[in-house]
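Q: All you need for the numbering used here is the position in the sequence shown, starting with 1, plus 112.
No lab work stands behind these hints: they were computed from the structure.
This one's a predicted model, so the numbers in the text were calculated from it and none came from an experiment.
Careful, some of the hints might be misleading.
[As the list claims (entries may be wrong)] The calculated lysine-lysine pairs, modelled on DSS-like cross-linking and capped at a C-alpha distance of 30 Å, are: (1) 135 with 229; (2) 148 with 223; (3) 229 with 139; (4) 150 with 139; (5) 208 with 139; (6) 139 with 295.
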Amino acid sequence: MNALSILFYISMAAWFITEFLYKNMLKSGKEDQKNKDKSTLNILWLAIPFSIASSVFVSYQTHFPIIDGIWILYLGELFILIGILVRYVIIRSLGKYFTVDVTIRQDHKIKKEGFYKYLRHPSYAFSLLTSLGLGLYLNNWLSLIFAFLPPFLAFAYRIKIEEQALTEQFGDEYIEYRKSTKKLIPFIY
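Let the sequences and hints guide you as you build the complete structure.
A: Shown next as structure tokens:
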């Protein structure tokens, strides 16, 4: 096993462990408005493990390379690492306002600085970058689709629910913020 493969397995374990810890440690409290979630956390916990397992399975069963060359493996691994690390930084920057379920805290405020100056959902964007990295690392078109599409659809649903909750809570302030930012990709989407 080469160094890149070892790094890949370590990063995949780190991805799972961090997401497991977020899920178990960053839940909303009893005093929070948590009736907003509409099962989005459960959907994410179905979509993401499914996407990982199916993309790896498909990579072993089919051969549809994205490109010939080992550099795509390095690019994929780089995206995985950046996704995990930056998502961690973003979650830390939100502090007590980050919960794994769609929740409005009693003293909730809209964060508009840092990554949030450009994106409304940077945590999701970098989670999706990790999924994209997995698909690229596997260097298989079908694996890329399986790695990226299920989490993207799950996050799209969650974003819809989350933005409804934020609009209900903050009204015009959140609507104005939405007009000046993008959902997941700066300046594009």
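Q: Run every hint past the structure and note whether it holds.
A: For each hint, the structure was consulted:
1. 135 with 229: With Cα atoms ~26 Å apart, residue 135 and residue 229 stay inside 30 Å; holds.
2. 148 with 223: Judged against 30 Å, a Cα distance of about 19 Å means the pair holds.
3. 229 with 139: holds, 25 Å
4. 150 with 139: Roughly 14 Å separates the two Cα atoms, so the pair holds.
5. 208 with 139: At roughly 10 Å apart (the allowed maximum being 30 Å), residue 139 and residue 208 satisfy the hint.
6. 139 with 295: holds, 23 Å
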